[in-house]
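4 protein chains.
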Amino acid sequence: MAPKTIIAVVGPDTQDQKLQDLAYDVGKAIAEAGYVLLTGGRSLGIMDYASKGAQSAGGLTVGALPGQDESEMSTAIDIPILTGMGSARNNVIALSGRVVVACGIGPGTAAELSLALKAGKHVVLLHCGGDAETFFRSLTPAQVHVASTAAEMLVLIRSVLSTK
Amino acid sequence: MAPKTIIAVVGPDTQDQKLQDLAYDVGKAIAEAGYVLLTGGRSLGIMDYASKGAQSAGGLTVGALPGQDESEMSTAIDIPILTGMGSARNNVIALSGRVVVACGIGPGTAAELSLALKAGKHVVLLHCGGDAETFFRSLTPAQVHVASTAAEMLVLIRSVLSTK
Amino acid sequence: MAPKTIIAVVGPDTQDQKLQDLAYDVGKAIAEAGYVLLTGGRSLGIMDYASKGAQSAGGLTVGALPGQDESEMSTAIDIPILTGMGSARNNVIALSGRVVVACGIGPGTAAELSLALKAGKHVVLLHCGGDAETFFRSLTPAQVHVASTAAEMLVLIRSVLSTK
Amino acid sequence: MAPKTIIAVVGPDTQDQKLQDLAYDVGKAIAEAGYVLLTGGRSLGIMDYASKGAQSAGGLTVGALPGQDESEMSTAIDIPILTGMGSARNNVIALSGRVVVACGIGPGTAAELSLALKAGKHVVLLHCGGDAETFFRSLTPAQVHVASTAAEMLVLIRSVLSTK
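Chain order of the listed sequences is H, A, F and Y. One gets the numbering used here by counting positions in the first sequence from 1 and adding 2 to each. One gets the numbering used here by counting positions in the second sequence from 1 and adding 2 to each. One gets the numbering used here by counting positions in the third sequence from 1 and adding 2 to each. One gets the numbering used here by counting positions in the fourth sequence from 1 and adding 2 to each.
Hints are computed from structural coordinates only; laboratory data are not their basis. Treat the hints with care, as some may be off.
Each pair may be met inside one copy or between any two copies, as identical chains are not told apart.
[What the hints assert, rightly or not] With a straight-line Cα cutoff of 20 Å, these simulated SDA-like cross-link-like pairs (lysine to any residue) come out: (1) K54 <-> V162; (2) K54 <-> T165; (3) K6 <-> G60; (4) K6 <-> L21; (5) K6 <-> T151; (6) K54 <-> M3; (7) K123 <-> Q70; (8) K6 <-> P109; (9) K54 <-> A144; (10) K6 <-> S58.
Please put together the full structure from these sequences, using the hints given.
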């Protein structure tokens, strides 16, 4: 039996309502398409809302947590992977996602995107801003895609997965 | 929604038929009890057979692989977590399993058991031999349990989980 | 006795002669100032030349290597730390350097800089290009500094260390 | 220039005076022999005393710390490597030591010894007790050595290094 296809969603610990709504839609779209959602697993910002969106559509959610226990975990994680390795767990997320999707930007998100690009992965940027788009495209242009909505993201993910 | 309960199964890359059969039964029993199985994910020995046993009962299998890709992965892994961190992934397995079960012993298995004990986890030893039983009991006696069969293991897991 | 002050130097596996010369000067300046140099330890590009520069001035060089052995190690590493954790070792470099200096840019370097900023560290960018400067400044402006030469870098490092 | 030879010393967070004295002698003997000492770097038990012993003989001490800062660090560490990866840093210690020496035993020490054996390293056990000696010898007999004193340990280290 082939393994499930995992899509990673990363993003900052933001309280911006628009970004949280976007993350919810992104998680929902990933679950509806039949993919497993992987996030950093915490009860904050993008990780939390993407997981809630995926669960709302009956999807499976995996959280690769930085800590050694479930104390900071989102309530919407089905499978907690307790890495105990802090920000080094960003590399686990970058490697385990077939595609890495960012909703918004911050230092941790930038690390995850950079590690994904280094591992040869495709990334999709949603609302990361022009500076981030310009920078990541300057590193590895063929691996960097930009979307404005969850629907556009899904088209890009399917396109990337079909050509692998 | 509460996260699923993850049970980790560890053991050597053995070709011993009896240990492989035991691992298959162990994986099957874990899945039948409704737990998610977590292993090191490779297509070798205990990891492989436990995952096959779990899938035979319709269970969900997670593999925390040492490498950066799926090249060494068991065919019975549903959710590949690519850690890219070699044997340091042993700590991810030790932390993420609510209980850690060993089928047989070897240096890697000994590391996983030791890290589990250090993290305060309960471990169940199946066919690890008297030297291992004596040693691990000398470290943290209250956390070390011994079983001979998958059925005995399940009784111990349920007992441990009910008292947490 | 107080621990030695460690300065991390990161950068791509470049064959660009100008960047290699810059890395050599950067390593030399760090050693002459009495700091320990930390790099990714491989025999490639910036890591290699910075280590050679530091050794030329009698400095101590530490390499946090991605692999499990010394097979890819620069000949100019005094203390090999074999992490065996691939690109996740980028976080070890980001955490262990009191300041993180980048000579040129690439996906791995971008990950190290991002992880350093996330950990609250100051970074110095040399010849990373305007896109990188604009992007990293957009993340955490107070932690990002730009220099053109090893001498300018040293002034920035001393300034940063004196205000901590 | 060849890299320095690193010897790792591991052991529990013990307050046993005899074990602490032994660790001090072990660290001192390693430094006097010209090796670099690597420990887990914390200000507790064996790590702390071995580092103090090494510094007393003018040796260089490296600490691979579990945390992200120097808050728990032994005062006798020259080069702090901040791994931020908790107990997974045990694998960094196991890989980076040319030989791994244990003074006393506990779950964390057992993990480090097991990971060292898995990586093909030789280990020297001092005052680990008969249960540990029997168990580790049952795993990989040719890699496990037992000593009673720092002087005996040094003979074993030299013998192991000369045959590599």
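These are the hints, each one checked on the structure:
1. Within a single copy, K54 and V162 get their C-alpha atoms no closer than 25 Å, and across copies no closer than 30 Å, so neither meets the 20 Å cut-off.
2. For the homomeric pair K54 and T165, neither the shortest alpha-carbon distance inside one copy (30 Å) nor that between copies (30 Å) is at most 20 Å.
3. Proximity of K6 and G60 under a CA criterion of 20 Å is satisfied in both settings, with 15 Å inside one chain copy and 14 Å between copies.
4. With identical chains, the CA atoms of K6 and L21 are never at most 20 Å apart, being 27 Å at best within one copy and 28 Å at best between copies.
5. When the C-alpha separation of K6 and T151 is checked against a cutoff of 20 Å, the pair qualifies neither within a copy, at 24 Å, nor between copies, at 31 Å.
6. In this assembly of identical chains, the alpha carbons of K54 and M3 lie at most 20 Å apart only when taken from different copies (10 Å versus 27 Å within one copy).
7. When the C-alpha separation of K123 and Q70 is checked against a cutoff of 20 Å, the pair qualifies only between copies, where the shortest distance is 12 Å, while the shortest distance within a copy is 27 Å.
8. Proximity of K6 to P109 under the C-alpha cut-off of 20 Å is found in neither arrangement, the shortest distances being 29 Å within a copy and 27 Å between copies.
9. Within a single copy, K54 and A144 get their C-alpha atoms no closer than 31 Å, and across copies no closer than 34 Å, so neither meets the 20 Å cut-off.
10. Taking the shortest Cα distances, K6 and S58 sit within 20 Å of each other both inside one copy (19 Å) and across copies (17 Å).
Of the numbered hints stated above, those contradicted by the structure are hints 1, 2, 4, 5, 8, 9, listed in ascending order.
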